[in-house]
Structures are given as structure tokens and as C-alpha cells.
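Sequences listed follow chains A and B, in order. So the first sequence is numbered by my numbering: it starts at 501 and just counts up by one. So the second sequence is numbered by my numbering: it starts at 501 and just counts up by one.
Source of the hints: derived by calculation from the structure; they are not laboratory data. Note that the structure is predicted; figures quoted are calculated from it, not measured. Please note that the accuracy of each hint is not assured.
A few chain A positions that, by computed beta-carbon distances, are all more than 12 Å from chain B [to be verified]:
#: 1; residue: 622
#: 2; residue: 802
#: 3; residue: 817
#: 4; residue: 861
#: 5; residue: 888
#: 6; residue: 925
#: 7; residue: 944
Chain B stretches covered by chain A per the calculated footprint, using a threshold of three residues with CB under 8 Å from any CB of chain A [said to hold, decoys possible]:
#: 8; segment: 662-676
#: 9; segment: 817-824
#: 10; segment: 960-971
Built from N, CA and C at the ideal position, the CB exists for glycine as well.
For reference, the chains in residue letters:
Number of protein chains: 2
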Amino acid sequence: MHILSGKAVFQVPKALAWSWPSRCLSGISRTIQEVFDNPPETNSTITTHGHIKSIRTFKNIGFIDITDGTIFQTLNVVLSNPEDVFASGKYKVGQSVSISGSWVQSKGNQKYELQYDHHNPHHSIKLIGVVSDDYPIQKKVQSLSYLRSVPHLRHRTATLASILRFRSRVEQHAMNFFAKNGFTKVAPPLITSSDCEGAGEMFSIEPFTKADSKEKFFGQDAFLTVSTQLHLEVLAPSLNRVWTLTPCFRAEQSNTNRHLSEFWMLEAEVCYVENISQLTDLVEDSIRSIAKDLKTDPPLQAGGLNDLTKARYSESEQLLVQQRCDSLLGENRWPSITYTEAIDIINSVKNKGRSKNRMTWGDSISTEQEKWLAGTHFQSPVFVTDYPREQKPFYMPLSKYGLDKERPTVACFDLIVPEFGELVGGSLREHRHDELHQEIIRRGMNAESMQWYLSLRQNGTVPHGGFGMGFERLIAYLAAIENIKDISAFPRAPQICPC
Amino acid sequence: MHILSGKAVFQVPKALAWSWPSRCLSGISRTIQEVFDNPPETNSTITTHGHIKSIRTFKNIGFIDITDGTIFQTLNVVLSNPEDVFASGKYKVGQSVSISGSWVQSKGNQKYELQYDHHNPHHSIKLIGVVSDDYPIQKKVQSLSYLRSVPHLRHRTATLASILRFRSRVEQHAMNFFAKNGFTKVAPPLITSSDCEGAGEMFSIEPFTKADSKEKFFGQDAFLTVSTQLHLEVLAPSLNRVWTLTPCFRAEQSNTNRHLSEFWMLEAEVCYVENISQLTDLVEDSIRSIAKDLKTDPPLQAGGLNDLTKARYSESEQLLVQQRCDSLLGENRWPSITYTEAIDIINSVKNKGRSKNRMTWGDSISTEQEKWLAGTHFQSPVFVTDYPREQKPFYMPLSKYGLDKERPTVACFDLIVPEFGELVGGSLREHRHDELHQEIIRRGMNAESMQWYLSLRQNGTVPHGGFGMGFERLIAYLAAIENIKDISAFPRAPQICPC
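Generate coordinates for the entire structure from the input sequences, incorporating the hints supplied.
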């Protein structure tokens, strides 16, 4: 089309005129999932793209299984003259190919397969991308920890690709839950001049090349957020119920199965709540809703529970994936106990009253003890509420019944799940100005820099509260994956940022 | 509930047993939107929460309009004895209140209202949160630029709250489009050791308190991402079609209506595409789908187009909001011209062949010229493709028909929309190893640090491409808002990071 002068008139031919959804994405070749979902006519010739997952010969029949990552299921290409095709040795696992063949009903496990006849002029195998001799992804089982050493190729494996699809699905179910329940999804800032948790484990940021090294880019010190809660508290009174799913950052020197320097956090903040039980009900409802939606996903749903399960190698792993969702869908509501009750249970039941390992009020509950409480004792997810004030941040109000001056507790909760430990933490927020101001002073914090936050309590304040859930932790629990570095596509941790 | 020893049995009473959705969020008071959606029985007494939007008296009847931010519409409370209630002067705009009254059919504009009778013992007005004397949000029209000076309170205004709800809605429609079309939503890292655009305008990060100042936290320099594209290119071959919506960061010294130091970018990457038109079709389909879904949202949908429109003060603003969606839904597909054709059009039509302001091949097209092309000349969104290589990053392949050695162009496009300019940028990616390597060398980039990216081209490479769309820009265009600082809840720009 050449337009040299005057106003051009662009008339799209009627046949191409836009109509939803038939025309949508017609310009892009169909995925393997789409082909399975809407099978072509049998015996028609189709062209499909993907990576070679395996090559084998069995009784003079050759097989090339290809995947394009849209679903766990591979498309099996069946070759009647494998010796002609495989003789050259040019096909290898990992290569990308384009294969044209006949779409036929299968005699094997799958309903359909692609038949390739070397002598049919309409059939072809086109090699698109070769692999290097040291291509690290092979058909045999490879450990997740080995795969972490090839961060740019590891997602070609069935397991890690299925986790990515599953995560996408969980996010969609979460989105649906909050939308259905009147929450507005918001985007609080990741760059902030405030420290939400007061723990000081923040990353600071500055331009890489500073024009004038004396002037700060933002006019003051700026950090990456450790939690978006303080900003959600700004937005909640304007919208009543808000939630977000954003990266958060912690500059902790911990390199464990459960920690990342960059992780995604699902946070919600709700107005007009005055009791912890309103928040724990919300948390339970949201997680039950996600688990229920995952259970009822259709079997061929990309990213569904079935898709995730099939991509696991051993039967015991597959069983565990199924059990994890079920463990959240028990008939009874999840129990809720106070921190003080938890300490009593650990001392009397776990330690059988022995003085060895006896916990004292004020001790932190360890991950191992959390796993025991939920996994062994309650055999259910369990909420632990009203922790000692000194274990928690400044913004939590004193518990209504915790006004014991010797043992001050705050109106907060953690959700603890079997085999895993803490998944969610939340609290009411002190919405009264004077009480909050006093606590900031008591902790020796800088009240001046928190003036914007304090002033929310002087301008139409409402009782409110909320929670934060580590999103990689939720996925790791649901997917029965040990290390959250396998949930994050590109995990960041001390000494780990290879690309 | 007290548990001192032994395994506790938690039996939830049958009446409370969990069943979806009736029990969901029953613990939290109903929002004004929920009350309008499912009105209570008329003449029943209900309690509702919100902020006072306005107080007025008319012919011996008093009105308190309250909002809780879930929808533009206010709930009107009608008082039969206003003098008794208002005499004390204690009620003010911005206060949060809890009001109990009778739910009755309204004689006014709204279908229902809350009737409050000072002498009815079941009726009450409870003041929850007062406002300071200098509470800055008032009923009169306040300019968006003034409101930016009160970043923690400005979202209490109808306009800014409606933008937040609208943004949430647009995100949901985007999510639906990509899910429906076989895309997996992924979470690429924001902390990276690579510079995607090669422009060097990055923020670097390091722990605020360094334990050992000699050792780098990540073992090397680490930056905030300027675009997640390189990492999407890792994930695309594993999943075929990926998209993401994440913050990106630019340390540019620009403080304009169109720039933020922290902004959200919607990026997508698709395998097996070989022509720019496949990508421009995808971009057009995605934006048309979002616009169409917004148009067909039910009128009372929180965050819907109607909700957004009503929150604007002047009729001309309201009309513009409606027109913006329509402008994307024209019957004809959007035109596509090359950069070279665009220069010709600007010289021959805009400049009428005069030598003054004549553009030379290789010049950048300015925002003002983009607005003219889309707004005046085509009166339609328009794709401009095949820009000069030297204007674009290293990863773009040469245009198929642009192999003019004097004027090398690359296979890329920008989407330009009327009154606004660039909204989307995208390209094919050079998927051949040797060509990519040569370009990296030609530009004097460090090939060693890009080894992980280069090696994707040696391991099952496939032709692919993608695009990035500034999410605040999309919302600003749709919502007809001039400055994207009013789309971002907490805008970050040089010298701006107040909380």
C-alpha cells in the first residue's frame, strides 16, 4: 500500500471485517491445545509447531512427540517409514519443528495423532531451531535443583511449564473471587519512602548513572516496598475493599526453601471490620474459593489441576497434588486459636508436659512447631491469633481481650497450613490517631516521616484490617512443590540474579 | 474456646457450614453497591457505612449523601427533622459515619433512599471518624493538579475513585482476553542484571544496610527492569503464548504528562509469528476486545464505563469518555503504514510540500506529528511499521523488504492513537543466533553478559515477536484523562515520592 498524498481511504474487504471471536488470532498458528479442543476434520492435512519431546521407534513405527507448552499433553506424530526419516540422525530432543501430516484417529492412548508419510508430497518435517550439543533438557527425570542451574532453559520441562500454567490459573481464580466480592484491584507503588514493617530490611534505589550525584532522584531516600499495606490503607477508605497482587522485596540474607528477595504478595484491605474473625473468614473463603475452582476446572484446562498433576513423574507426587486442594476443602471451618493457646498446646501435647523444650510466653513459634500444630495436631489449616505485641509491627491495635499489661497482645492472625507453616498474615489496623501516634513514639520511630499515614486517622478514619499472602507460597503449597525457587520463574535471592 | 490438652474437635454448627456463595463475606457489612444490587425489603431497617459526600437542607427536609467508594452512586439519607440533627453543626463532609434508617422507595432521582427519623429509637447516626479543620477534599470541583498535592486523600474524590475502579475493570477485561486466547500469564523478574533496551536509564538497587560493603548482595550489579521482554522470550518457547502486567522502571529525567519513573506495562510474547501484521492484528484484537467489553458492561457495574462517565463533572468530559471507546471500535481495521510512508505523508500533506519543517528520512516522529497522523490524517488508530534500525533496540531483525543498505529498517511497529500518540510498541525478535550476535557486536554491547539470551537462539529457537503497552497510558486514553499521574495511584517521577 503506497500513500503519497491526500487522505488515504482504508477499506478492509468485507470478508475480513472484524467480528468477535471468529477472527480473533486468526493470524497466529493454532496451538496444540486449540487443536485438541477443536479437532480438525479427520484425514485433513494440518501443520503444527512445537519442540521435540521424545523420539522413538517401536516395531517399525516411528514416533515424534511434540509439545508447544500450551498443555501438558504432547501431540504424537506417527511415522510409517521411520528408518528413512531417522537415518540422518538430524532430529533431536529440544529442537523446534514444523510438521505437516494427516490428522487421524489414534489407536493409542490419545484420541488423535498426526500421521506422517515420508512419501506423501503434502507431508513435511521442517527443522526450525537446532539444539547445541550440550542442550541440558533431556527426556529422563531431572531434579528441580539441577534445573535451577539452567535458569533460561529449565521451563522447557513438563513440570516447570505446568507450574507456570498453574500459577496463571490460580491468579485468574483469585481475580474472580475478589471481583465477585466487590473488591477493586489496585496498583500501589513499589518505590516508596516509607518502611512498612519497620524492620529495615529494604533495598534502596538510585539511578545507575547520576547526572548530579548530590541531588537525590526522588528528592529523598527511596526504597523498594516490603509490603504495600500502608498504601492500601490510603486506598481502602476510598473504595471500601481493595486488593492487589504485586512484587514485594526483602533484603534478607536468607537463602531457604521459603524465602525470595523478590516475591509476589496478594494483599487485601477491608473497611468497617472490627473483629479478627471477619478477616479470617475472608481469608478462608478466598482460599476455599480458589481451591474449589481448581477442583472444578475441566480436565483439559491448560493450567488446571489435572494438567499440573499429569506433569509429575511419580504416582505419590501426583497423589499429593490432588490431596493438597482437598486439604483446604474440608467440611468444617478451619479452627482458630490464640497464640497463648498455641503455646499451651505445644507444651502440653507436643512436649507432653516435659520441661525440655518448654516454651515460654513471648517465644516465637518456629516453622517446625507450626507444621506440627496444623499437620499433626489439628490436621487442618489453623488460624493463630493475638500474638505478643513485641513480635509484630507498630500498626496493630491491642487485642480487645488482651489488655493484660504483663502480656500485651495485638489483634492479628497467621494462617498455618499442614506440612508448610505460615501462608498468610493479617491484622486489624489501629485506626485511632492518638493510640497509633503513641505506639510510633513508644517504638522510637520517626513520627514526622509517618505524618501522611497518621493523618489518615484524622480524616474520616474507619475501623479496617487486611492480610498478605505470599503468592509463591500459596502456589508451592497447592502444587506440592518443596522450594519456592521452582515457583518463581526467575528466583532472586542472595547471590542469585544470573540474568 | 479453650483447648488445654488433647486433640480438640472443632465442629462447626450445621447452620454455619460453608456453602458457596451465600456464606461468602457474610462477616463483612454490605457495601452500598451490594445494597443497590440486591435491595433489602422496603421499610426494613438497615445500617450502612460510608463517608459524607454532601449535606444539604431543602424545604425542611435534610439530606446526607454518603458514599463508600464501591460505586459512583451515593446513598441518599433523607431526614425529616434536619434542624434537630444539623443544629449541633457536628456533621461535615468527609466524616465517616454509620447510619441506621428505613429503606424506602424514593420520590427523587434514585430508586431507593434511606429515611432517618430523629425520634425513631431504631434509627441512629454514629460518627466514626471526624475530619481535621483543613480537610482538603470538598464538594466543589477541585482540579486534578491541586489534588496531586494531597496524595493520601485525593482518591476520596468521585473522579479519582472512579478511575481506580475503572482500571481494575480494564485489567479484568485484559485478563479475560488473554486467557481466552491461550496465553499464560507469567511473572518475569523486576530485579535483573540485564539492560533490555540498552539505553542505560536504569535504577540500580542494593540493600539499605549492607552487612559487608565489599560483597554485592546479588553477587553482581542489579537493576530494576525497564521491560520484561528478554525474560518473556525465555518463557515464550516453553508456553507458546505468554503475557504479563507488571511494573517497569525508568530513571529518566522527564516530568511530563506521559512519563512515570514507575509504570505498569502489559507485555506479550508469541511464538511462531513471522510477520509484523500478525502482531498488529493481535494488538488490535486485544484493544478492541477490551473496549467492546467495557461498552457492554452493565450500567451499574462498579468500574464500568457508565460508572466512570458519571463521575465526570462537565457534559463535554462525559461525552469524551464515551467517544474514546467508540474511537477504537470503528468498522474498518486500523490502517498500517511504514515509517517511510509516514514521513512522506507528513512532508506532502501536513507540510504541503513546503521545505519548512521538512522531515528527512531518519528523523524521529514527534508526539505532535503522531497526534496529527492518527487524529487529523487517518482519524483512526494507526500502526506505523519498519522504523530505521538506529532508532530501535538491538534485538529487532531487519525488515524483509527493508534490505536497503542505505536505509536499514527493522521489523517493528508503534500503535499511534488520536489525541494521544504512541500507545504500544512491538517487533519481531531476531531469532537467528549469528545475526543477533553480529548486531550485539556492531553496537558495542557486552556479548558475554548477554550469553544467556544469545543461547536461546542455539537451543530450539523459534520465530517470535511481541509488544508492550503502557498500562497507565491505555487507561488515560480510555478514561480521557490528560495526565497519567492521575491514573497511577501513587505516581513516581523525578522529585516525587512523598510516601
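Would the least Cβ to Cβ distance between residue 888 of chain A and chain B come out above 12 Å? Residue 888 of chain A is indeed farther than 12 Å from all Cβ atoms of chain B, at 19 Å.
Three-residue Cβ test at 8 Å for the coverage of the segment 662-676 of chain B by chain A: Holds, because 7 residues of the segment 662-676 of chain B bring their Cβ atoms closer than 8 Å to Cβ atoms of chain A.
Is it correct that the beta-carbon of residue 944 of chain A has no partner in chain B closer than or equal to 12 Å? holds (17 Å)
With a C-beta cutoff of 8 Å, work out whether three or more residues of the segment 960-971 of chain B approach chain A closely enough for the coverage to hold. holds (count 4)
Check the non-interface label on residue 861 of chain A: least C-beta distance to chain B beyond 12 Å or not. Non-interface label stands for residue 861 of chain A: nearest chain B Cβ at 15 Å, farther than 12 Å.
Check the non-interface label on residue 622 of chain A: least C-beta distance to chain B beyond 12 Å or not. holds (20 Å)
Tell me if chain A covers the segment 817-824 of chain B under the three-residue, 8 Å CB rule, please? Our answer is that it is violated, as 0 residues pass the Cβ test (under 8 Å) against chain A, missing three.
Using Cβ atoms and 12 Å as the threshold, tell me whether residue 802 of chain A really stays out of contact range of chain B. violated (7 Å)
Verify that the Cβ of residue 925 of chain A lies farther than 12 Å from every Cβ atom of chain B, and report whether the claim holds or is violated. Fine: 19 Å to the nearest Cβ keeps residue 925 of chain A off the interface.
Grab the minimum beta-carbon distance between residue 817 of chain A and chain B and tell me whether it stays above 12 Å. Since the minimum Cβ distance to chain B is about 20 Å, residue 817 of chain A lies beyond 12 Å and the statement holds.
Hint check: violations occur at hints 2, 9; the rest are consistent with the structure.
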